[in-house]
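Engineer: Below are the chains, spelled out letter by letter.
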Amino acid sequence: MSSGFTLGVFYTVIRPEERWILEAAAARGLAVERLADDAVTFPVERNGFDADLVLNRSVSHTRSLYALRFFEHYGVPTVNPYDVVSLCGDKVLCSLRLQESGIPTPRTTVALTPEAALKALDDLGYPAVLKPPVGSWGRLLAKVDDREEAEQIIEHKAALNSPWHSVFYVQEYVQKPERDLRAFVVGDELVAAMYRRSADWRTNASRGATGEAVTPPPEMTELVLKAARAVGGGVLAVDLMESPRGLLVHEVNPTPEFKTLTAATGANVAGRILDYVQEVARR
Amino acid sequence: MTQCPECDARLERKDRIEGELFTCPECGVELEVNGTDPFAVSYAPKEQEDWGE
Ligand SMILES: Nc1ncnc2c1ncn2[C@@H]1O[C@H](COP(=O)(O)OP(=O)(O)OP(=O)(O)O)[C@@H](O)[C@H]1O
Ligand SMILES: [Zn+2]
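Quick note, the sequences are listed as chains A and B, same order. Per the working numbering, the very first residue in the first sequence carries number 1; after that it's consecutive. Per the working numbering, the very first residue in the second sequence carries number 284; after that it's consecutive.
You can trust all of the hints, since none of them are fake.
Straight-line distance between alpha carbons at most 27 angstroms, and here's what the computed DSSO-like set of lysine-lysine pairs gives:
id	chain 1	residue 1	chain 2	residue 2
1	B	Lys297	B	Lys329
2	A	Lys119	A	Lys176
3	A	Lys259	A	Lys226
4	B	Lys329	A	Lys259
5	B	Lys297	A	Lys259
6	B	Lys329	A	Lys143
Hints in this document: simulated from the structure, not taken from any laboratory. Being a predicted model, the structure only gives us computed values, none of them experimental.
Pulled out of the complex, with its shape left as it was, chain A reads as follows:
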């Protein structure tokens, strides 16, 4: 890589992941342009940035989308690209793509009003899961055990009066063991995978789930890479559940965390991301 290369890092906060990325970039002698998502401005007329490629680490779906669209407009490649983030950052769009690509995924129905959501839940059957289409870390995910609970939860969501919570993503409750699977993909490679284990049905690391390294069997690797390709590829975390009918992909995360994964597997995830970023920059 020519020494003139500048890596832009678009971020909200510096977590261990971002710090590792910045350190890996420094170790490779890459110039870094730090782009704080709460401070930068985007002129429509001209590119005011130095970055030759931007790595998106913003946790805000809205900020990510606008920023990535601007970099596209400026002709600056991004990891991940706008299309991948807009698709994966929205559970509705992601489910559609998984289904279109023949990837096994939990049964899911979308409803656009509280009344329709109740009907969707009744049709899907109980227990079921309600998720906001955007956002993660298991926030405001609800397990709905019966119709009475459905009415309460839907009423509560409607009272939030938020555009994100007026769309109802309704999913069958998958009878999984007390764990799910996370596989980290960079380009064409499954870099590392882990079980996320917790007593809570939501096995998010941010809710205290613990990570345990998994050597993925070939059929899991194949499914994970197929899911990553289906959404456009890049740096992605594919989340799966073990169901009675086999592995199901429930989502693909476009700006994945990897602190727990790094601790559980020892994989050099930040290094692999940097390899990939440099490879994309050479294209």
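Guided by the hints, dock chain B with the ligands onto chain A, whose structure is given.
Structural biologist: Just chain B with the ligands now, with coordinates in the frame of chain A:
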């Protein structure tokens, strides 16, 4: 050297960088580094609805 906005504990920069999140060792509140020279901190930004992975 600066103080925790929550509990007034004295906080040292150590090797923290601009924008880095950390928790106050005294009260556990989440903080963000706002400046390194001089060292300055504020409450970490509040999670918004569209925040995630
Ligand atoms: N349909 C389901 N049936 C059973 N458990 C589920 C279902 N959907 C999600 N879960 C559990 O809840 C966790 C969080 O779900 P999901 O990944 O959809 O939400 P999220 O808030 O986007 O989390 P993430 O931080 O992984 O993006 C999953 O890891 C899984 O353990
Ligand atoms: Zn404190």
